[in-house]
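Colleague: Chains as they are written, first to last, in the working numbering: chain B, 4 to 246; chain Y, -10 to 78.
Don't take every hint at face value.
[As the list claims (entries may be wrong)] Simulated restraints, written as ranges between beta carbons of each label pair:
{"#": "1", "chain 1": "Y", "residue 1": "Gly49", "chain 2": "B", "residue 2": "Ala195", "range": "21 to 31 Å"}
{"#": "2", "chain 1": "B", "residue 1": "Asp78", "chain 2": "Y", "residue 2": "Gly5", "range": "41 to 51 Å"}
{"#": "3", "chain 1": "Y", "residue 1": "Gly66", "chain 2": "B", "residue 2": "Arg210", "range": "16 to 26 Å"}
{"#": "4", "chain 1": "Y", "residue 1": "Lys26", "chain 2": "B", "residue 2": "Glu80", "range": "54 to 64 Å"}
{"#": "5", "chain 1": "Y", "residue 1": "Glu51", "chain 2": "B", "residue 2": "Pro174", "range": "27 to 37 Å"}
{"#": "6", "chain 1": "B", "residue 1": "Val60", "chain 2": "Y", "residue 2": "Gly5", "range": "25 to 35 Å"}
{"#": "7", "chain 1": "Y", "residue 1": "Glu60", "chain 2": "B", "residue 2": "Gln221", "range": "15 to 25 Å"}
{"#": "8", "chain 1": "Y", "residue 1": "Lys64", "chain 2": "B", "residue 2": "Glu80", "range": "57 to 67 Å"}
[Claimed, not checked] Covered stretches of chain Y (in silico footprint by chain B; criterion: 3 or more residues with CB under 8 Å from a CB of chain B, positions within the stretch not fixed):
{"#": "9", "region": "-5 to 9"}
{"#": "10", "region": "43 to 55"}
{"#": "11", "region": "71 to 77"}
Worth flagging that the hints you see were computed from the coordinates, not collected in a lab.
Just so it is clear, the structure is predicted and the values come from calculations on it, not from any experiment.
The beta carbon of each residue, even a glycine, is placed where N, CA and C say it ideally should be.
Residue strings, one per chain:
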Amino acid sequence: MRDSGRKRVLVVGLGGLGCPVAGILARVPELELWLCDEDVVDVSNLHRQILYRDTDVGSDKLTAAKAALVAAGADAERIVLVRSRLLPDNALELASEVDLLVEGADNFATKFLAADAAHLAGRPIVHGAAIRFVGTAWAVSAAGAPCYRCLFEDVPPGAQLGCSEAGVMGPVVGFCGALMADLALRVLAGDATAFGSLYTYDGQADRLRQVPASPRSQCPLCGVSPTISQIIESRYTAPSCAA
Amino acid sequence: MITVRIPTPLRTLTGGEEQVQAPGETVKAVIETLEQKHPGLKDRLLDDKGVRRFVNIYVGDEDIRFLDGLETKLKSGDEISIVPAIAGG
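All chains, please: the whole structure from these sequences, using the hints.
Modeller: Now the structure itself:
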């Protein structure tokens, strides 16, 4: 809790997931939102990134997002713009400045970086992802156990399908973004039951599944003998498929 | 018979099927059986060390890493879920 009485939330990525997350959390007077992105609005974003309009195409996302949030009633003073991607040289400092991270990054390197930075800074994090008709969301406590690396271990090798190649349905990111915001509010309220369950939403079957994620004793981040104690840039690149 | 829930990224290998069924007394046996009908599925799930590190396989609500891994015993009616890491939004 800051002197202002507000808690800070870092939203990593203002895409299809980050937009609904920011839209919901910006309406909570007790929160200060730190929005982290450096992309510009593309016409291909508009069907799912609900803070942007066609007139925003070509504009930077942060400016457009803040304008939309303020127009919807958010207090401009509670929105802090971080004009950068989450990078190895800023991740730990940013994580340390906030009370909670919420990441909806579109690539694995940033997801693992956010997970590592949150844990090393002693902050909880809400992860979200969506591709085509499927989305996931889950919350990880500051202590991990389980954490993102317990479940997925390391950056997958080779190129991964992104939203532009695979597509992602607007309602799926809307649903999962709302779920991420719900988890964020539960975490901030001190609800320990928010942690540890992986939610998977299937937009074709309209099915939400909740499975417990288990801590992994060999986890390099939160296991019994962790090997990740600092952010090292080389850790966040995918090994080649031939490796 | 075992029901296997197929995640969206792998449904291209199952002709779009959301779930498939296969016989087998262990997770490994079910995957081997599925590979015969849906070639390529095994390679997406396993490498030479076992289950790929960015894939999670559940029997019911239990992660097989905390059971007996690929040798986890199954009984008729069990449901296997495949949960791969995804990035995007």
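Colleague: Quick check: which numbered hints come out false for this structure?
Modeller: none
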